[in-house]
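In my numbering, the protein residues as written are 1 to 389.
Careful: at least some of the hints might be erroneous.
Said to hold, decoys possible - Computed list of lysine-lysine pairs in DSBU-like fashion (alpha-carbon distance at most 35 Å, straight line):
| hint | residue 1 | residue 2 |
| --- | --- | --- |
| 1 | Lys16 | Lys180 |
| 2 | Lys18 | Lys180 |
| 3 | Lys180 | Lys162 |
Hint data in this document are derived by calculation from the structure and do not stem from the laboratory.
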Amino acid sequence: MRDAVIVEAVRTPIGKGKPNGALAHVHPVELLAHTLRTLVERSGIDPALIDDVIGGTVDQVGEQAMNTTRYAVLSAGFPESVPATTVDRQCGSSQQAVHFAAQGVLSGAYDLVVACGVESMSRVPMWSNVPAGADPFGPGVAERYPEGLVPQGISAELIAAKWSIGREQMDAFAVSSHRKAAEAWESGLFDAEVAPLEGVARDECVRPGSTTETLAGLRPAYHDPVFAERFPQIEWNVTAGNASPINDGASAVLITSSETAARLGLRPLARLHSFAVTGSDPLLMLTGVIPATEKVLRRASLTLDDIDLFEVNEAFSSVVLAWRQETGADLARVNVHGGAIALGHPLGASGTRLTTTLVHAMRERNARYALQTMCEAGGLANAMVLERV
């Protein structure tokens, strides 16, 4: 029976997604091409052997249009015969790329495949793919949800209200993310996964000196009088400090079978054990990580206690804390090297960024099983279980 294993995983450092960000001068195609070149160099494979490159990008417009992944493959110097495609499952786009890549290996359609992702939010701002006045949802959705859907920030506030998660809890979680990320950098734990680019070697948004006192002084990020009237339960505790920033970055993982890995002399980092994807309430659009976790554990025939490490994307503190309340997971095993609040959230790159961090953390901590899950706009979530090999 075929399996699917990750044999290499790399990422760029993550820059601020602003005009003055450390990577803002780098075209998104070049960001992704850098990770693809590094993946090949570190693994030592002949890129001509790659059956496909599946990349995630959220805002597929402007400099991220026209199948960005294909042009990154060409810029990386891969043979023209290597194909590529770009997928969009919102924030989980490159985690979905991992699912597709692994499922292709398991089915026998691929022997060697890359899953990757990129987002340059400094050059292609979020929502730039929706022109002013355009309706991306259509009349059927408007009829089904007559009161209207809401932005993600409002969803994060609704989650905080529903699960009674206060400002102090969210700020404390954010500070913990920065502390863990800073400690991981100081301990050299990111060295194996990060591919420095044009003099940028570290994640730009990590704040080692972050404190709850500092975060307490920040204003609510999403207060809106219209939504305040519609949702009187909201206490407006989501701030720029307890939510992920906007970022630039890219990441990539190389996936094959154990048999092919042995033949090519590649060392597996982890086996891709089980997968799940689910839909959830698009109003509380970020809660899909809860049923997705339950679903993937059921498919894996594992329990929460079997999982040594978790990566739960820190889109907002309230998302991870609500997930923790529902699952009962030990926060000491969650995002052990810091999460998106500290490291950053370059949308299309985040799925394979989490995977990259997770497989290296598994080796460093001798973890047998790990679980990754991500919330996604529209009420979606991906989850997968990895196993040490």
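Evaluation of the provided hints:
no.	hint	in the structure
1	Lys16 - Lys180	holds, 19 Å
2	Lys18 - Lys180	holds, 24 Å
3	Lys180 - Lys162	holds, 28 Å
Comparing the model with each numbered hint stated earlier shows that all of them hold.
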